[in-house]
Every structure is written in structure tokens, then in C-alpha cells.
Amino acid sequence: MEHKPQVDEFGLEVPALVEDYSLHIIVTGLPITTTKKVEKLEQVVRKVFGKFGEVANTSLPHDEENTKGFGFIEFYDAQIVGKVLRKSQQGGITFDKKHTLAAYPMNALLDLHNGTSFREIEPFQEKKDLFSWLQDTYCRDQFALHQCVKTSVHWMDPHQKPDACMIKSQKNWTDAYVCWSPRGSYFITIHHQGVALWGGSDFAKLHKFPHEHVKIAEFSPCERYLFTITDSDRAPESTPAVCVWEVESSTLLRSFPIKKFEGEKPLLQWSFDGQYLAMLSCEKGSLSVYELPSMNMLEDKSIKIPNIRSFSWSPSDNFLAYWTAEIENQPTRVVILEIPSRTELASRTVFKVKDCAIYWHNKGDYLAARMERTIQKKTSISSLEIFRVREKSIPVESMELKKTVLNFAFENNGNRFCILMGEYPRPDVAFYEISSGGKNSEIKHLNTIEKRNVNAIFWSPQGKFVVLAAVKSGEIEFWNVDQMECLAEEEHSFCTDIVWDPSGRYVCSYSSCWLNIPETVYTIWSAVGQPLFRENADKLAQFIWRPRPPTLLSKEQQKKIKSDLKKLSEKYAMQDRVLSDSVASGLLAKRQSLRQEYYEWRNKRLAVVESERQE
Amino acid sequence: EENKKLLARRAIIERRKEMAEHILLEKQKQEEDLLRRQLAEREAAERKRLIAESERREQERLRKEKAETEALQKQMLMEQVEQMNKGKKKAIKIEDIEGLDQSTLMAKQREQLEAQQEELHRRMANTLRRIDYLTRAFREAEQPLLVEQHRK
Amino acid sequence: MYPIQLKAHERPLTWVRYNADGDLIFTCSKDQRDGCMVWYVENGERLGTYRGHTGAIWMCDVDYSSTRLITGAADNTWRMWDVQTGNELFVVNEETPVRSVQFDEGCNRVVILTDRIMGHKGAVKVYNVKDGKPSEPELVIPLGNRVKATMAVFAPLNKQIFTSHDDGSISVWDPVEGKLLGQVKDHEDGIFGMKYSWDKLELITFSKDCTAKLYDASSLECLKTYVTERPVNAAAVSPAHERVILGGGQEAGEVTTTSTRVGKFQTRFFHKIYEDEIGSVKGHFGPINTLDFSPDGKSFVSGAEDGFVRLHHFDKDYFETKLE
Chain A
106 MEHKPQVDEF GLEVPALVED YSLHIIVTGL PITTTKKVEK LEQVVRKVFG KFGEVANTSL
166 PHDEENTKGF GFIEFYDAQI VGKVLRKSQQ GGITFDKKHT LAAYPMNALL DLHNGTSFRE
226 IEPFQEKKDL FSWLQDTYCR DQFALHQCVK TSVHWMDPHQ KPDACMIKSQ KNWTDAYVCW
286 SPRGSYFITI HHQGVALWGG SDFAKLHKFP HEHVKIAEFS PCERYLFTIT DSDRAPESTP
346 AVCVWEVESS TLLRSFPIKK FEGEKPLLQW SFDGQYLAML SCEKGSLSVY ELPSMNMLED
406 KSIKIPNIRS FSWSPSDNFL AYWTAEIENQ PTRVVILEIP SRTELASRTV FKVKDCAIYW
466 HNKGDYLAAR MERTIQKKTS ISSLEIFRVR EKSIPVESME LKKTVLNFAF ENNGNRFCIL
526 MGEYPRPDVA FYEISSGGKN SEIKHLNTIE KRNVNAIFWS PQGKFVVLAA VKSGEIEFWN
586 VDQMECLAEE EHSFCTDIVW DPSGRYVCSY SSCWLNIPET VYTIWSAVGQ PLFRENADKL
646 AQFIWRPRPP TLLSKEQQKK IKSDLKKLSE KYAMQDRVLS DSVASGLLAK RQSLRQEYYE
706 WRNKRLAVVE SERQE
Chain B
74 EENKKLLARR AIIERRKEMA EHILLEKQKQ EEDLLRRQLA EREAAERKRL IAESERREQE
134 RLRKEKAETE ALQKQMLMEQ VEQMNKGKKK AIKIEDIEGL DQSTLMAKQR EQLEAQQEEL
194 HRRMANTLRR IDYLTRAFRE AEQPLLVEQH RK
Chain C
235 MYPIQLKAHE RPLTWVRYNA DGDLIFTCSK DQRDGCMVWY VENGERLGTY RGHTGAIWMC
295 DVDYSSTRLI TGAADNTWRM WDVQTGNELF VVNEETPVRS VQFDEGCNRV VILTDRIMGH
355 KGAVKVYNVK DGKPSEPELV IPLGNRVKAT MAVFAPLNKQ IFTSHDDGSI SVWDPVEGKL
415 LGQVKDHEDG IFGMKYSWDK LELITFSKDC TAKLYDASSL ECLKTYVTER PVNAAAVSPA
475 HERVILGGGQ EAGEVTTTST RVGKFQTRFF HKIYEDEIGS VKGHFGPINT LDFSPDGKSF
535 VSGAEDGFVR LHHFDKDYFE TKLE
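Residue numbers (the numbering used here), protein chains in the order written: chain A, 106 to 720; chain B, 74 to 225; chain C, 235 to 558.
Check the hints yourself; a few may be wrong.
Stated by the list, open to error - Taking CB as the label site, the calculated pair distances span: (1) C:Pro473 to A:Ala689: 27 to 37 Å; (2) A:Gln701 to B:Gln190: 56 to 66 Å; (3) C:Lys355 to A:His264: 48 to 58 Å; (4) A:Leu637 to C:Glu322: 53 to 63 Å.
To be verified - Here are the simulated PhoX-like cross-link-like pairs (lysine-lysine), alpha carbons at most 25 Å apart as the crow flies: (5) A:Lys660 to A:Lys497; (6) A:Lys644 to C:Lys419; (7) A:Lys255 to C:Lys442; (8) C:Lys382 to C:Lys364.
Said to hold, decoys possible - A few chain C residues facing chain A, derived, Cβ under 10 Å: (9) Leu391; (10) Gln394; (11) Leu435; (12) Glu455; (13) Arg464; (14) Lys506; (15) Glu511.
The set of hints was computed from the structure by calculation and includes no laboratory data.
Every residue gets a Cβ at the ideal spot worked out from N, C-alpha and C, and that includes glycine.
Assemble the whole structure, with the sequences as input and the hints as a guide.
As C-alpha cells, then:
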């Protein structure tokens, strides 16, 4: 990824006192250091630019903690300025092994001030545009299709084929894969040189984050920050293993060298509000929590947790759940920790645990730990520990199950959960309800459906509906859990993924070529299992729905809309009729012309053949 | 002469005796005949009665059997009807069962199944419509709020 | 729709076809002995077997009056049979297996294609069979080092000869001189074979590139493309409705690894003009190798890798439903 000026915030920084800027340049790409070291940095800068000619002045902006990664330099001679700028254009100015600088004439900034812009996108425009997709007249959802060489974004329109409502399609848009930011503002493409962000109604390029051989890019849920992780097997030693960025300004907040991880794969997770970033090292048994945006470690020391195996932030609070494995008669523990106080809010110890997995409820109301335990040498049982996070002192209930629990999933926005237990390929599917607190609090068994050919659970984002599927084989069952009735039993051969749209109106099942599925097909179903579209997409790798930001409507507003729905229904029904009619008439017209064309050809040909035969 | 007379008388007496004997014999024979005839008649009547009796019994048995199967069928029908009525609003009345046979019941059952399917489809369509409209209503209400949020 | 399953072949089917009257079906298979059979369309009853070949029979053709049948086989021969008696009328020996056989319009000549195998380069040959067994071919087109040919047929009105090839192209030859007149290439991968519509206005090709294409049979202009996600082994054009049928499936070797349910061994229906997939008919346990429509369009027949031939008569519904 080539260096380009990232000057979003510059407009604010321009000092208005100097009148002639022809001897001034802006330098970007400087290393970011702590403010204490700013003088040292200044020395190095003077040395580097001193090679071109005498430096008059330098200014390296910084805040209380860090330098900003760019600076201003004044020279005595315009010729030297020209030399520096030329060198910058010819591949950059080498600062040190890791840093290559770019220089720009200060006058360019002035021009910007005077209205002649040298950048592609106006910042205000850009910001507003990021949300234009949420203003769709028909309130539709979007999805991206990544087909290895071709990537496209479409509207989900029940009246038309996806191809008919394509928003953008581009060849080689990404080198590896694509994803959406958590609120759907950005479309993320992964390249050998780094990460690029796209957005707005035309999916223009908005930001670039250079990080060689980047493998993972993950936004904080608030979309203000981003961390990128390199593929340590391929990246050179000098490449940082992890980079943490501020998105809006495209600045690197902090990076971690590869050797910090000693071959271990870095494990990072954002807290729900993006205030913290937690980094786990299993080998060292330590959990480091960094505060944003300073990226300083909380209390300057990491939390020592011997034998920690994995952790997970609550999706709604600054609570951290983790579990530690059994060692030397120290039992397995599942703990909920409050950050930044580091108070243990709740914990559970269990003996003889072979394996554990923790699951947060999507609203953070519950935490479940699924444990596999050995009682005798060979027999293993399962237990579920359910933490009621919203209740006083977080009570924990334990459920012992005779059969092995293979899979677990909380209902979104609800208080039920679904488990698969027994043995593949035909486990039992059981549903439980966590009844609300007080004296009668209990975990109520709702139903068990015996021996279903499924291996995965997909709750609707709205709850109530669940899709049970046999991934990689193809059975798909649609259930309404309120009525406990199976709505449809369908099939999608070799389906590898099942994804709900954010509204819970549609489900897509697809087979990805990443799993060597020869024929990659995607099917879009209604929430109750009616197939709406089936499409053969050559070399399909990903089908991803565009996420949406959390609703801005208050509970009261939502309630009001619900009660007024009847009135609105007529409007929507009418809208749908008009839409489907126009689509149908368009299709009809197209078909009529196709047919006419065909029969014109046929009749002509028939006449020719007849006359030739008679000869 | 006397002797002649005597002889003649004897002969007469002899003849009378013979005649009497003959008559007696005849009479006996007649009686025997009658008796035999009566016996045969009785036997025939008895046989007839027996046959009639067995026929009657056979018929009785058949009737009973038929009644039994009918009862069984009816019971089965009842069970079926009960099964079909389970959880339905539009139940088939028990009184209607008289005169129902298997095939009409089957047709009814099919009808019911179809209705059930239709009901499920209708219900699903309603649910879907509700989810869709609600989503759209929420999003539409949200749109001005979004604009406001980003003006800030 | 009700299917009649015709079970007599032991090995994979290679070719099925109706006669022009539409009352008989001829089926060819890889069976060593009973490779070619004939059946009644009405009830699926077997009429007889044409016995004599000693290798897989690749293809057959029957003349317009349903009196003579020709078959080409892997035993390096092609033969002519009396349809009614089942007697072999004659046998012609070739150097390599006979891939395809076809009567010309008028049924006086036969065009055959010999395989390129082990040193032999394969050729298209035209024989005149008007007066019984021909001694020498009328025309030989050596195929040389050109891409392997898969089928050879006479163009409508015998104006040309078409050969389909393993690289997705169709070559056009002069039927007298044997000169190469031209070539079209629309498929991206090998063409398995070609089939005319009954009116011979259209030619449908089926290919490894997962598509079937409808050509103008005279100009070889590609009119339509039907896209699937698997190699298309067979296709046929409905003479009565705007439909084409496609058959295919996995490679034969892959079949055993998956259950039949996920194998997709259906006959798939496409709209001839709009190119949309309309529906499918399941039933086979292996990939479909060959398909044919009856001349009246009221039934179709499919032959598969599983050794079964399925004969489907359409319901009245089929003719009534209009998807437009």
C-alpha cells in the first residue's frame, strides 16, 4: 500500500500566523513515541532532513501522551524544499528501517483552505454519506457476495433477483476476504499490504491501514478503533504483529512487535463500548487490558491468571468472563471480572472438567459455561453453569446432563437457549427457558426433539425463530420456538454457512468454496423456511449481511410504532404491490421481447428450411 | 250228502277264515304302511327343522359378526374422528358419524389436513408480514433521527 | 407425471432415443452382450435385444421408417440391424471404437466417428448404405492431431458435417470434399455431445463447462445458454413446449462417496427461451448420461450411470401450467 497523505485533521492544525509557506513542508509517517521523547525525535528529524540542507525549524505536534506521527519542517532555501519533495515522490524519505516518510508542500494545505481541494473526499460529505444506506426508501438490507475474484454488494429485495439490485461489483476488490464493520458503516477489504475501508453510497475508498500480510482486522463495536493482526508465518520479523488504529484519523495508536507473542497467536477482543482492548496470553497466564485511545495498559500491569484458556467481554457491560483449566488440584474456574476495578463479580469452580466453552447472551443478561466432565475413566457428562448477570450478586445455576452437550446457543433478545446433546450425527435438540428471578427462578425444560440430523443452531436476531442445520451435509429445519413447531424441513446440499439478516426477515444458506465445495450455491429463505431465491454463484466464498447500528428508537417509541402497525400495514402492502407489479411488468416486458425475438428467428428459419427442402 | 254238506261248510269256513286272515293281514299291512309313512314324514320334518335351525343359527352368527365388525369400524372411525378433532375448532360431530364410511372419512381427513396446511401457511404469512412491516416501520421512524444525529 | 422404470441393462446407459413415430425407444449401454435394447413407449415393455457387439455400445440411430438400426461400439465395429427381427444385417470393422453413428437425412448414408486411441488419430467416415453393406467409405476425414472429437453428425439437409470437440468447439466440414469449412467455439470446456430438436432447426450441445447451449442448427449461431453447477452430460429440446431438459451429475468416480440424496441426479427443466430453471424430476441413483424427448413431446426418457432407464409420461398438468 503506497503512502498517501492522511491529512483529515490537518485543517485544524494550520497555524494562521505565517504568511508565506513556500519554505515549509509537512512530513507524515513519523514514528509515534511518547511525548517525553519528543526532543529526541526532533533531533533525529533534523538529522534526516539535514542531509538535504539546513533546517530552520521543526515542529512535531503531540498531545499529553504521544506524538502524532507527523510534523512541520521549515527550510531556508526553496531549492532544498524542492529536493525533499522530489525525494518523497520518488519512493519516500527513509527515516529508519521501519519508517519511510512522505513530504508535502505546506501550500497544498493553504490551497485546501482556499477551497481548491487536493483530496478526494470532503470530510463532512463523507461522514454524512456513511449513513445514506440507512435512508433507503424501502428500508431494505444489504449483503455482500465475495466470489474469489469478484466481489459485489446488493440490496436484498424480495421483489427482484439479487443481480437486479446490485449496488457495486468489482473485480479483485480484495486479496483475501471481506467483512463489514460492526455497525455496517464500513466495508473492509484485506490486502497483502494492509486493510482498506470503503463506504458511502458509491463504496469509495475512505481509509487505508498499511500492515503487511494482515490476516485479521477487527473493529471496536463503536467503530472508532480497529486492530489488525499480521500473519506471523509470512510477515517479516520487522512487521508489527498487532497494530491498533484510530479509524477516523487513520492514525496508528500502538503496535506490538512479533517477538512479544513468541510464536503464540495473539488473542484480542474489544470491550462492548470500545473503551478497552483486552489481550490474552495463555502461555504467560496474563490478560492485559489497554485503555483507549491512549492504549496504555490499565494500572500499568496485566492481570495474572494462571492457566487461563479463553476470555470474552460481555456485549453490554465492562465485564470480562474467562475460564481457567484444572491444574494440580486447582479446579476449573469460570469468573466474571469487572473492569477497571478488577473485582470478581461471580465465579464458579468445577472439578474434573475436560473442556469448557463460555457463551454470552447477546444483551449480556446471561453467561453460560458448557463443561465436559469425566466422572469415571471413560464416561463423560456435561454440565451447564448459567450465570444470571442481571440479578443481585449474580446467582449461578448448574444443570447436569446425562448426555454430552455438543452445542449451545442463547436466544437473541430472549431468555431461552437451545442445546444439542447426545451424539452426532443425530443428537437430541433441547430447549430451556430461564425464568425470571425471585423465588421461582429456575431453568425450565421446554421441549426435547429427539434424534435430529443437525449440528448447528442459528437463532434469529429477533429471537423466537431458530434454524437447526446439518452444516456440510445439508438438512435445514426452521422452528418457531414459541409454538414449538417445525415450520419447514428443507435441504441445501453441502451448505457450509447459515446467516440471518439483521432484521430476522431472511436467512441465507450457502456453500463456500473455501471448504472445497464444488458447487457454490446460495439460497435466501424467509424466516419460516420458504425459499425465495436460489442462485448459482461461481466460486462463492462469502455471503455477508451488512450489520446495522443499534436502534435509535426508545422503548416508548418502539411500543407506539407497534400499536400503530395496523395503520402502517396498508401503506406497506400498497408499496409492495406497486413494487412487485413494476418488477413483474418489467420482467414480463423483457420476456415478451425475448420470446418475440426467438419466434422471429424461428419463423424465418422455418421458411428457409421449407423452401430448401422443396428443392 | 251230509258229508258233502259238511265238506262244503268246512270249505266255506276255511275260506272265511282265509278271508278274515287276509283282511287282518291286509289291515296290518295298511297300519304298518301308515306307521312307516308317518315315521318318514316325521323324520323329514325333523331334518327340515334341523336344516332350518342351522341356517338360522348361521345367519345369526353372520349377523352378529357383521354387527361386531361394524362396531369395530365405528370405534375405529370414532378414534379417527377423535384424532382429527384433537385441537381443532371445527370438529366433526359424533352424531354425524352415522352414515359415515371409510372413504368419505378419508376424504374429510384429507380435507382437514389441507385446511391445516393452509392454516399454517396463512399463519406463517401473517407472521412474516408482521416482522417485515415492523422492521420497516422502525427503520422509517429511525431515519429522521439518524439525520439529526449526524448533523450534530 | 408417472415414471416407468426400465430395468434390463446391467451397466451404465450411454444413449437413448425414440424412433420417429414415437412408439419405440432404443437404449444403448456399456453391457458387453445385451448392449442395445428396444422398448414400447406405451407401457415400457421390452421388445427385444440386438445381440452381437462385444463391447460397450456408444450410440445408435434408427432410420425414419424404423426398419434399420445402426449401432457403434467399443469393439471397433459398427453394425446395422433389422429393427423388427433383431437380425444383424452387416458389420463394418474399424480400427478404433466407434463413438458416434448417424443416418443422414434420407437415411441413405451413415456418418461415423472413430475414436482417437493409441496411435490411431480418429476419423469421420461417411458410408453409403443404400444397397446393403458398403465396401468402402464414401468419404474419410482424418482428424489428425486436432483436439479429440466427441460426436459427428450431418447438418440439416446434409449440407455439412458437424463435429463436436473436447475443447468446446464445433467444426464444420464439407460433406463431399471433407474440407474444414469453419469452427465455432462458445463452450469453455469439452462438449460431450449434440442433439437436434425434432424439427432439426435447433441443435443443443452439452458440455463439461456446466452449461448446455442451444444453436441455430443451420448457422451454428449460439442462441441460448442454460447454466448449471455441474457438468451437463445430456440435454434435449422439447418439440412441443418451450422447454429443454438437462441431465448430469458428479463424475462417475465421485458418486460412491456421497448419498444419492445429495447427488442431484435429477433431470432439470429449463425454459427454452428465458433460460430460467423451472423444475426438476428426481429418481436416478447415478448421474444421467443421456436424455431424449419423444417426437410429440408427451414423454421423455433418461438413462443413467445406475443402469436404469426411466420413461416419464407427462401429466395433463404439465401442458396446462403456464409459468409465464
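For this session: Could you see if the CB distance from A:Leu637 to C:Glu322 stays within 53 to 63 Å?
Result: At roughly 57 Å between Cβ atoms, C:Glu322 and A:Leu637 fall inside 53 to 63 Å, so the hint holds.
For this session: With respect to the beta-carbon atoms only, verify the hint that C:Pro473 and A:Ala689 lie 27 to 37 Å apart.
Result: holds, 30 Å
Problem set entry | Pair hint outcome, A:Lys660 versus A:Lys497 [Cα-Cα no greater than 25 Å] | Holds, at roughly 24 Å.
Problem set entry | Range hint 56 to 66 Å (beta carbons of A:Gln701 and B:Gln190) holds or violated | Hint violated: Cβ distance 40 Å, outside 56 to 66 Å.
For this session: Under 10 Å, Cβ to Cβ, is where C:Glu455 needs to be relative to chain A, so tell me if that hint holds or is violated.
Result: holds, 9 Å
Problem set entry | Per-residue hint verdict: C:Lys506, partner chain A, C-beta under 10 Å | With a closest approach of 8 Å, the C:Lys506 hint holds.
Exercise. Minimum Cβ distance from C:Leu391 to chain A below 10 Å?
Worked result: holds, 6 Å
For this session: Sort out whether C:Lys442 lies within 25 Å of A:Lys255, counting only the CA atoms.
Result: holds, 23 Å
Problem set entry | C:Glu511 as an interface hint toward chain A, with CB separation required under 10 Å | holds, 8 Å
For this session: Would you check the hint for C:Lys382 and C:Lys364, treating anything up to 25 Å between C-alpha atoms as holding?
Result: Violated, at about 30 Å.
Problem set entry | Hint check: 10 Å Cβ-Cβ cutoff, C:Gln394 to chain A | With Cβ-Cβ at 13 Å, over 10 Å, it is violated.
For this session: Decide if the proposed pair is consistent with the structure: A:Lys644 and C:Lys419, CA atoms, cutoff 25 Å inclusive.
Result: Roughly 24 Å between the alpha carbons, so the hint for A:Lys644 and C:Lys419 holds.
Violation of the numbered hints given earlier is confined to hints 2, 8, 10; the remaining hints are satisfied by the structure.
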